[in-house]
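What follows is the residue order along each chain.
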Amino acid sequence: TQLLEQSPQFLSIQEGENLTVYCNSSSVFSSLQWYRQEPGEGPVLLVTVVTGGEVKKLKRLTFQFGDARKDSSLHITAAQPGDTGLYLCAGAILTGNQFYFGTGTSLTVIP
Amino acid sequence: DAMVIQNPRYQVTQFGKPVTLSCSQTLNHNVMYWYQQKSSQAPKLLFHYYDKDFNNEADTPDNFQSRRPNTSFCFLDIRSPGLGDAAMYLCATSSRTVYGYTFGSGTRLTVV
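Each protein sequence line maps, in turn, to chains A and B. Its first residue numbered 1, the first sequence is counted upward by one per residue in the working numbering. Its first residue numbered 112, the second sequence is counted upward by one per residue in the working numbering.
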């Protein structure tokens, strides 16, 4: 059973377009992270959100944590080819040492 | 810079020949993880260490073993690699006081 579902699974867009990736669960998380992974590399942490309703901005990337801390979204404005990669959300539950990964969204930005 | 280092970056092994992948960290994080990742899929947790306490995932094959001789190092041993074990293997660390993982660059394992 997958704890975190991401949508869409694959996304191919033109440079300059906007996009939103969703990360949904029926479980409550104490914190949620977003990672970007480029081919042949390990995932790199982009952001951590902790408070329900929290919004964080990282240049053209906007991250939101749901009020109930069960879901999150990543919005990219004016996508660039350098944004291409696998985007992963990962949630931490209140107990335990593990972060649960979402199913992943593979983004391709076409120049 | 503090980081997580995996060696080697690329490993080719023969079917059935034992192989060891290594991971070291300078972050002094008390939790270390091994993940298996196949093409464009989310990483799948194999096991993790909380300090010296070993935690195996229920569906991790017995073919996979791990050792953590000290805080800084962790090893993944694959006793008899099969073709289905070809994947990217990722090591990650975390601290209970810090949110999020720090990943190494991974080891790409090819089984021939």
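Quick caveat, the hints were computed from the structure, so don't treat them as lab data. Computed from a prediction, not measured in an experiment: that's the story for all the values here. The C-beta atom is built at its ideal place from N, Cα and C for all residues, glycine as well. Please note: incorrect hints may appear among the correct ones.
[Stated by the list, open to error] Across the chosen pairs, the derived CB separations fall in these ranges:
| no. | chain 1 | residue 1 | chain 2 | residue 2 | range |
| --- | --- | --- | --- | --- | --- |
| 1 | A | S7 | B | R178 | 16 to 26 Å |
| 2 | B | Y161 | A | F10 | 30 to 40 Å |
| 3 | A | G16 | B | S151 | 42 to 52 Å |
| 4 | B | S206 | A | K59 | 36 to 46 Å |
| 5 | A | I13 | B | Y161 | 22 to 32 Å |
| 6 | A | V55 | B | K128 | 35 to 45 Å |
| 7 | B | S206 | A | E38 | 32 to 42 Å |
| 8 | A | I110 | B | R219 | 22 to 32 Å |
| 9 | B | L194 | A | V55 | 42 to 52 Å |
| 10 | A | G16 | B | G193 | 42 to 52 Å |
| 11 | B | K128 | A | A68 | 29 to 39 Å |
| 12 | B | D170 | A | T77 | 13 to 23 Å |
| 13 | B | K128 | A | I110 | 22 to 32 Å |
| 14 | B | S151 | A | T20 | 12 to 22 Å |
We went through each hint and held it up to the structure:
no.: 1; hint: A:S7 - B:R178: 16 to 26 Å; verdict: 39 Å, violated
no.: 2; hint: B:Y161 - A:F10: 30 to 40 Å; verdict: 35 Å, holds
no.: 3; hint: A:G16 - B:S151: 42 to 52 Å; verdict: 24 Å, violated
no.: 4; hint: B:S206 - A:K59: 36 to 46 Å; verdict: 27 Å, violated
no.: 5; hint: A:I13 - B:Y161: 22 to 32 Å; verdict: 41 Å, violated
no.: 6; hint: A:V55 - B:K128: 35 to 45 Å; verdict: 51 Å, violated
no.: 7; hint: B:S206 - A:E38: 32 to 42 Å; verdict: 25 Å, violated
no.: 8; hint: A:I110 - B:R219: 22 to 32 Å; verdict: 26 Å, holds
no.: 9; hint: B:L194 - A:V55: 42 to 52 Å; verdict: 45 Å, holds
no.: 10; hint: A:G16 - B:G193: 42 to 52 Å; verdict: 45 Å, holds
no.: 11; hint: B:K128 - A:A68: 29 to 39 Å; verdict: 50 Å, violated
no.: 12; hint: B:D170 - A:T77: 13 to 23 Å; verdict: 39 Å, violated
no.: 13; hint: B:K128 - A:I110: 22 to 32 Å; verdict: 42 Å, violated
no.: 14; hint: B:S151 - A:T20: 12 to 22 Å; verdict: 20 Å, holds
Hint compliance for this structure: hints 1, 3, 4, 5, 6, 7, 11, 12, 13 are not met, and every other hint is.
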